[in-house]
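*Asks:* Construct the complete structure from the given sequences, taking the supplied hints into account.
For the sequence shown, the residue numbers in the numbering used here are 2 to 459.
Hints are not guaranteed to be accurate.
[To be verified] Computed Cβ-Cβ distance ranges for the label pairs, DEER-style:
(1) E260 x T329: 34 to 40 Å
(2) T311 x E260: 20 to 26 Å
(3) P331 x H284: 22 to 28 Å
(4) T333 x T311: 34 to 40 Å
(5) E366 x Q132: 57 to 63 Å
(6) T329 x M39: 51 to 57 Å
(7) A161 x A373: 29 to 35 Å
(8) H24 x D125: 21 to 27 Å
(9) D116 x E366: 56 to 62 Å
(10) K410 x P331: 40 to 46 Å
[As the list claims (entries may be wrong)] Straight-line C-alpha distance at most 25 Å; calculated BS3-like pairs for lysine-lysine:
(11) K264 x K233
(12) K413 x K256
(13) K360 x K328
(14) K413 x K360
(15) K241 x K439
(16) K256 x K353
(17) K233 x K256
(18) K165 x K241
(19) K439 x K328
(20) K413 x K353
(21) K353 x K410
(22) K158 x K439
(23) K360 x K264
(24) K92 x K130
(25) K353 x K412
(26) K150 x K165
(27) K412 x K256
(28) K439 x K165
(29) K241 x K158
(30) K256 x K410
Hints are computed from structural coordinates only; laboratory data are not their basis. Predicted, not measured: the structure shown is a model, and the values here were computed from it. Note that the Cβ used here is the ideal one computed from N, Cα and C, for glycine as well.
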Amino acid sequence: MRQQILEAREGVRLSIYTGMLEHGHPDRMTTLHFYHAMPGSELLLLDTEYEFAVAEYTLERDSTYIYTYAYQENESWASFDSTIQPNQYHKNHYVFERECYFRVNLRRRDDRRIDSAEAAHINDILCWKPQAAGTECQAERNLNQIFEKEIEDTAAKLRAVQEKEGEKKGGNCAFLLLTDSHYVVNGTWQDTIGCIREVDRRAPFDAVIHLGDLTDGMVSRRVNYDYVRTVKQDLFSLQKPLYVVMGNHDTNYFKGNPERFTKEEQYWLYQSDCCDSAVREGHALYYYRDFEDIRVRAVFLHSFDECEETRYGFAEEEVLWLERTLKTVPETYRVLVFSHVPPLPEIHYWSKDIRNGEKMVSVLEEYVRQDAAHCVLGWIHGHNHADQIYSGRLFPIVSLGCTKIEDFKDKKPDHAVTYDRVIGEVSQELWTVMLVQKDSSRIAFVRFGAGRDMNINE
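*Replies:* What follows is the structure, encoded as structure tokens:
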């Protein structure tokens with residue numbers, strides 16, 4: 002067993018009743034992350050001036066977070082085992098007897114307060130030696146037993162379109178679309194990325210677009226950074242261009258979280274190392290990218306600012322930027338728009354106003370009216386956690402259901418559709434492959450998991 006790195010914060014302990022973090026305890030330090038342990042994994046005390054207590058969290062999931070509007074405040078769907086209380090301190094070692102997640106409390110044996118320097122050197126105090134999982138992990142078994150038919154059916158649909166279009170002179174691009182993945186510990190993300198890899202292996206995508214809310218945005222900046230990197234690294238492993246749109250949870254502000262990311266920090270964390278060939282002004286969170294093979298300009302917008310009185314919407318300078326961007330669209334190119342939040346309040350449950358949303362739509366409609374050759378193929382967004390095609394403007398506005406497993410029918414816009422989702426069944430998953438053709442205004446959306454295929458501009 003090889004040692005792995007632990008991280009801790011001073012002044013925090015774990016509740017003996019809930020396993021949740023409790024701040025304001027200067028004599029303790031606690032790991033904020035949830036670490037994954039297999040049977041036989043060990044914690045070894047290296048410094049006898051300290052002692053440690055373990056909180057274990059089982060793999061059982063609380064369905065509250067799937068079937069109601071609820072977020073677990075530590076972004077974990079692992080269930081606290083109250084029979085192993087984090088006030089039972091150990092002075093030597095601890096061996097895990099089952100697969101679980103865990104956190105660790107530490108205190109000095111002389112009860113003195115713990116400072117930040119001690120927390121920074123937790124790995125000199127406590128050694129974490131994980132036991133490797135077997136050759137076939139649970140995620141692989143799930144893929145084989147549950148999703149194989151859906152994987153092959155989805156790949157077959159994509160291959161059929163690619164082969165049909167290959168007979169024509171025009172080309173096409175397959176974009177993997179994800180939205181609202183809301184990564185949590187012990188969630189279903191590993192199943193999701195596993196299925197994505199299998200479909201891509203059989204019918205390769207050309208690019209990946211994530212429409213925002215990679216995480217819940219409720220934990221410390223340090224922990225959320227790691228969760229965001231986990232999602233992005235999994236998507237990078239596909240070895241395709243990745244384009245990220247900022248969601249409202251991505252500011253790490255949710256439920257009054259004080260450890261928020263500034264816009265500059267969001268740029269560096271979410272977009273600086275991806276968004277290949279993006280054209281933007283400085284470090285703005287909105288940008289565009291031209292896809293020459295299909296003659297499309299894709300416009301990626303920033304639609305949320307928690308510092309504004311009307312948080313959902315678009316900055317005035319973004320409206321002006323869109324006007325300038327449309328003026329430089331190459332002749333014969335079409336425009337596709339992506340955002341997290343929809344542009345109009347009638348298709349947004351959470352507010353009666355979208356700041357400058359009407360202006361953004363009007364700018365696009367004016368572009369269409371200027372010239373018969375100007376075409377906006379559609380506006381694609383997430384956030385609503387539901388499917389909907391809104392046709393009340395000069396171009397379709399398409400809402401996509403959430404990648405996170407979620408199944409409740411309230412808190413959705415009128416006429417939006419949500420689907421029954423069952424963990425451990427194909428409906429657990431929901432993501433889409435968007436097929437855009439060079440010489441056609443038609444866009445096909447091929448759905449994996451819950452929901453149905455859709456087409457626009459037919």
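*Asks:* Just tell me: holds or violated, for the beta carbon distance of A161 and A373 against 29 to 35 Å?
*Replies:* Holds: the Cβ-Cβ distance is about 32 Å, inside 29 to 35 Å.
*Asks:* Is K158 within 25 Å of K439, Cα to Cα?
*Replies:* With Cα atoms ~19 Å apart, K158 and K439 stay inside 25 Å; holds.
*Asks:* Is K413 within 25 Å of K353, Cα to Cα?
*Replies:* holds (13 Å)
*Asks:* Straight-line Cα separation of K413 and K256 no greater than 25 Å?
*Replies:* holds (20 Å)
*Asks:* Would the pair K360 and K264 pass a check requiring their Cα atoms to be no farther apart than 25 Å?
*Replies:* Distance of about 23 Å is within 25 Å: holds.
*Asks:* Using the Cβ atoms, figure out if T311 sits within 20 to 26 Å of E260.
*Replies:* holds (24 Å)
*Asks:* Assess, step by step, whether the Cα of K92 is no farther than 25 Å from the Cα of K130, and give holds or violated.
*Replies:* With a Cα-Cα distance of about 17 Å, the restraint between K92 and K130 holds, given a limit of 25 Å.
*Asks:* Quickly compare the C-alpha distance for K165 and K241 to 25 Å and report which way the hint goes.
*Replies:* holds (23 Å)
*Asks:* Can you confirm whether the C-alpha distance between K353 and K412 stays at or below 25 Å?
*Replies:* holds (13 Å)
*Asks:* Take a quick look at whether K439 and K165 sit within 25 Å of each other, Cα to Cα.
*Replies:* Since the Cα atoms of K439 and K165 sit roughly 13 Å apart, the hinted pair holds (cutoff 25 Å).
*Asks:* Go ahead and decide if the range 34 to 40 Å is satisfied by the Cβ distance of T333 to T311.
*Replies:* Because 37 Å falls inside the window, the suggested range holds.
*Asks:* What's the verdict on K413 and K360, does the C-alpha distance respect the 25 Å limit or exceed it?
*Replies:* holds (24 Å)
Checked against the numbered hints listed earlier, the structure breaks none of them; every hint is satisfied.
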